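Participant: Those protein sequences? They're chains Y and G, same order as listed.
Quick note, in numbering that gives the first Met the number 0, the first sequence goes up one by one and the last residue is 87.
Quick note, in numbering that gives the first Met the number 0, the second sequence goes up one by one and the last residue is 87.
Treat the hints loosely; a few may be bogus.
Cross-link-like lysine-lysine pairs, in silico, DSBU-like; alpha carbons within 35 Å at most [to be verified]:
| # | chain 1 | residue 1 | chain 2 | residue 2 |
| --- | --- | --- | --- | --- |
| 1 | G | Lys49 | Y | Lys61 |
| 2 | Y | Lys61 | G | Lys61 |
| 3 | Y | Lys57 | G | Lys49 |
| 4 | Y | Lys61 | Y | Lys49 |
| 5 | G | Lys57 | Y | Lys49 |
| 6 | G | Lys49 | Y | Lys49 |
| 7 | G | Lys61 | G | Lys49 |
| 8 | Y | Lys49 | G | Lys61 |
| 9 | G | Lys61 | Y | Lys57 |
| 10 | G | Lys57 | Y | Lys61 |
Please keep in mind that the hints were generated in silico from the structure rather than gathered at the bench.
Model, not experiment: these values are computed from the prediction.
Protein chains: 2
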Amino acid sequence: MSIFDIFTRKRSAPVARERLQLLLAHERALTGRADLAAILQEEILAVIAKHIAIDREKVNVKLDRSDQVSTLEIDIEMPQSVVKAKAS
Amino acid sequence: MSIFDIFTRKRSAPVARERLQLLLAHERALTGRADLAAILQEEILAVIAKHIAIDREKVNVKLDRSDQVSTLEIDIEMPQSVVKAKAS
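Given these sequences and hints, build the entire structure.
Facilitator: Below, the structure written as structure tokens:
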């Protein structure tokens with residue numbers, strides 16, 4: 000299921016599963032700059048992991064690279080009570 | 000221009016402008032969990048800023064929230080030579 004489905008799916012029943020999806024696209028200019036999608040992948044996952052308990056088996060990461068555009072797709076299905084309480 | 004445009008735009012000329020776009024969607028279950036899109040916004044920007052010089056005037060951030068889905072859209076236009084050299 001891609002991130003676009005979120006915006007098209009008709010939902011009648013309330014969401015049973017909690018899900019976080021991220022899509023990052025880096026359009027590179029002529030200079031053939033470093034591929035930010037690949038560079039940012041682990042760091043973005045680390046930021047997310049600070050706030051939700053991530054079960055690595057429920058995380059899908061897809062990295063695609065063409066000559067001008069790289070895309071990173073992260074799809075995380077979250078167990079029910081996962082958001083870590085704020086450190087008080 | 001939304002992130003979906005990247006995937007539909009027909010491009011003949013090479014990309015003149017370098018661009019980073021991120022779309023994050025948090026589908027919340029019944030529990031009305033905290034809104035991860037809002038929580039992650041600054042932290043994801045901080046991760047990106049570690050790798051590219053960000054001109055805050057060239058950054059568009061859009062946060063939308065419905066009862067079950069929150070979406071965060073970040074659109075960054077990058078000046079030409081921006082990716083910071085790796086700290087050697």
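Participant: For every hint, state whether the structure bears it out.
Facilitator: A quick look at each hint next to the structure:
Between lysine 49 of chain G and lysine 61 of chain Y, the direct Cα distance comes to roughly 22 Å. Compliance with the 35 Å bound is thereby established for this hinted pair. Our distance criterion of 35 Å between C-alpha atoms is met by lysine 61 of chain Y and lysine 61 of chain G, whose separation comes to about 24 Å. At roughly 28 Å between alpha-carbon atoms, lysine 57 of chain Y and lysine 49 of chain G fall within 35 Å of each other, so this suggested pair holds. A hinted pair counts as satisfied when its Cα atoms are at most 35 Å apart, and lysine 61 of chain Y with lysine 49 of chain Y qualifies at roughly 21 Å.
At roughly 28 Å between alpha-carbon atoms, lysine 57 of chain G and lysine 49 of chain Y fall within 35 Å of each other, so this suggested pair holds. Restraint check for lysine 49 of chain G and lysine 49 of chain Y: satisfied, since their Cα atoms lie roughly 18 Å apart, inside the 35 Å limit. Proposed proximity of lysine 61 of chain G and lysine 49 of chain G is supported: the alpha carbons are some 21 Å apart, at most 35 Å. Among the hinted pairs, lysine 49 of chain Y with lysine 61 of chain G is consistent with the structure: their alpha-carbon atoms are about 22 Å apart, no more than 35 Å.
Proximity of lysine 61 of chain G to lysine 57 of chain Y is assessed by CA-CA distance (about 27 Å); at most 35 Å being required, the pair is judged to hold. A threshold of 35 Å between alpha carbons decides the hint, and for lysine 57 of chain G with lysine 61 of chain Y the separation of about 27 Å falls inside it, so the pair holds.
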